[in-house]
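There are 2 protein chains.
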Amino acid sequence: MAKTEGLLFRQLFESESSTYTYLLADTNTKEAVIIDPVLETIDRDLKLIKELGLSLTVAVNTHCHADHITSTGLMKQRVAGLKSAISKFSGATADIHLTEGDMIPFGRHSLTVKETPGHTDGCITLVTEDQSMAFTGDALLIRGCGRTDFQQGCAEKLYHSVHEKIFTLPDECLIYPAHDYLGQTVSTVGEERKYNPRLTKSMEEFVEIMNNLNLPKPKKIDISVPANLVCGVHNF
Amino acid sequence: MAKTEGLLFRQLFESESSTYTYLLADTNTKEAVIIDPVLETIDRDLKLIKELGLSLTVAVNTHCHADHITSTGLMKQRVAGLKSAISKFSGATADIHLTEGDMIPFGRHSLTVKETPGHTDGCITLVTEDQSMAFTGDALLIRGCGRTDFQQGCAEKLYHSVHEKIFTLPDECLIYPAHDYLGQTVSTVGEERKYNPRLTKSMEEFVEIMNNLNLPKPKKIDISVPANLVCGVHNF
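Protein chains in written order, with the numbering used here: chain A, 20 to 255; chain B, 20 to 255.
Don't read these hints as lab results, they were simulated from the structure. Do not rely on the hints blindly, as some may be mistaken.
Identical chains share a label here; the pair holds if one copy fits it or two copies do between them.
Straight-line C-alpha distance at most 35 angstroms; calculated DSBU-like pairs for lysine-lysine [stated by the list, open to error]: (1) 102 to 220; (2) 49 to 238; (3) 236 to 49; (4) 66 to 236; (5) 66 to 107; (6) 236 to 176; (7) 66 to 239; (8) 66 to 238; (9) 213 to 69; (10) 102 to 66; (11) 213 to 66; (12) 66 to 220; (13) 176 to 220; (14) 49 to 102; (15) 239 to 107; (16) 213 to 102; (17) 236 to 213.
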């Protein structure tokens, strides 16, 4: 479902890493983009793309994930002409290296890249052309945000990214994060500006909170990050 | 997100029973309806309702669930004026007993009741006024359907319900089921008419499939059904 006329939209969930994958397509031309696809759910995702009659042109990662392996590399092997995309500042290989203001077109629609570093240096937020939807990766989660204690994480940077690049979007803009652990599927800019327990704080308080989360190391970081630096497939 | 103008819509997930709860509200009047809320997630749901400034008027169950306990009874204790609703044919107590064609209004919007028995005798599908969204409970799942081997289950009845009451909706009508076990969040009537592996079959083949699923008894059936017959709260 999508507010935008002629936009096909699907939110998909991978339960082991609690990752959301998003599929967007032009209902006329059938050109499609997938955001943050996960290795474990590649068959489900490609089956749906086939059933919907879509032509997948770009598979984009919002950042180099530490908690799961991306399926973009394997998807490239299985979908002719598919291009992978990720931030230039991710350090990862990809067909397209994205920077601020870049557009990812699909039919009459497009996603615009906003650089939102802080969780990692190469984190991006993707915004639809009418600013009705923002795919925030791990920069902004529903009533939360990505951690900042590994992979170039920096709480100050994240605070600035969210306040300058995401909270400046319209209040009614829908927030679609890369993860949710409580069964929530969507939020809005207005809600997060008002109720996000971390990002409604001052920068000093935010940094204090983020530096004292004492989270365990992600279980899959040692295999995920090296794999995701090469689109999830070694020797590809 | 909702196609319908002035409709606030949220899909929420309860991971233990893989149940979807739906919250719909009029963005002007703030009157809201919740569909299939789960006992374990009542605090999350009521917090969100409060943050969104909504006035919850009706909590409706699509049927008497066997896999989880509804939170409608406890919600009634915590939300003044809230009314519970369920099919007349569910055998369950509630403030409102629904039958075919009944409307559940919330502000300028409404849900219309379609009786879709087969999983249980008291299964209903709720359809928005513009037929853009259908909440199908366990009658129709994404590429699947509810089982028919307990609680008055009847494969023939379910086949007729889906074909006559759901597949007759517009192809683009979004299907929001009560459950999904594969991370899928939504489908459409057109897709299910084309790709549902069970309901695209003849009735005879469908009955054969449904009678040979050999599924284990739901873990919580012995506590869920008696509790759900009284809105999830005994002695309420």
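Hint check results:
1. In the homo-oligomer, the alpha carbons of residue 102 and residue 220 never lie at most 35 angstroms apart, since the shortest distance is 39 angstroms inside one protomer and 38 angstroms across protomers.
2. Taking the closest pair of Cα atoms, residue 49 and residue 238 never come within 35 angstroms of each other, the shortest separation being 37 angstroms inside a single copy and 42 angstroms across copies.
3. In this assembly of identical chains, the alpha carbons of residue 236 and residue 49 never lie at most 35 angstroms apart, being 40 angstroms within a copy and 42 angstroms across copies at closest.
4. In this assembly of identical chains, residue 66 and residue 236 lie within 35 angstroms of each other by CA distance both inside one copy and across copies; the values are 33 angstroms within and 30 angstroms between.
5. In the homo-oligomer, the alpha carbons of residue 66 and residue 107 lie at most 35 angstroms apart inside one protomer (30 angstroms), although the nearest pairing across protomers, at 39 angstroms, exceeds that limit.
6. In this homomeric assembly, residue 236 and residue 176 come within 35 angstroms of each other (Cα to Cα) only inside a single copy, at 21 angstroms, whereas the closest approach across copies is 52 angstroms.
7. In this homomeric assembly, residue 66 and residue 239 come within 35 angstroms of each other (Cα to Cα) both inside a single copy, at 26 angstroms, and across copies, at 32 angstroms.
8. Within a single copy, residue 66 and residue 238 get their C-alpha atoms as close as 29 angstroms, and across copies as close as 31 angstroms, so both meet the 35 angstroms cut-off.
9. Taking identical chains as interchangeable, the C-alpha atoms of residue 213 and residue 69 lie at most 35 angstroms apart only when they sit on different chains, with a minimum of 13 angstroms there against 40 angstroms within one chain.
10. With identical chains, the CA atoms of residue 102 and residue 66 are at most 35 angstroms apart within one copy only, with a shortest distance of 18 angstroms there and 42 angstroms across copies.
11. In this assembly of identical chains, the alpha carbons of residue 213 and residue 66 lie at most 35 angstroms apart only when taken from different copies (14 angstroms versus 39 angstroms within one copy).
12. In this assembly of identical chains, residue 66 and residue 220 lie within 35 angstroms of each other by CA distance solely across copies; the values are 20 angstroms between and 43 angstroms within a copy.
13. For a Cα distance limit of 35 angstroms, the shortest separation of residue 176 from residue 220 inside one copy, 15 angstroms, qualifies, whereas the shortest one across copies, 55 angstroms, does not.
14. In this assembly of identical chains, the alpha carbons of residue 49 and residue 102 lie at most 35 angstroms apart only when taken from the same copy (16 angstroms versus 44 angstroms across copies).
15. In the homo-oligomer, the alpha carbons of residue 239 and residue 107 lie at most 35 angstroms apart inside one protomer (23 angstroms), although the nearest pairing across protomers, at 50 angstroms, exceeds that limit.
16. Only between protomers do residue 213 and residue 102 lie at most 35 angstroms apart by alpha-carbon distance; the minimum there is 29 angstroms, versus 38 angstroms within a single protomer.
17. Taking identical chains as interchangeable, the C-alpha atoms of residue 236 and residue 213 lie at most 35 angstroms apart only when both belong to the same chain, with a minimum of 30 angstroms there against 45 angstroms between chains.
In this structure, the hints that do not hold are numbers 1, 2 and 3, in rising order.
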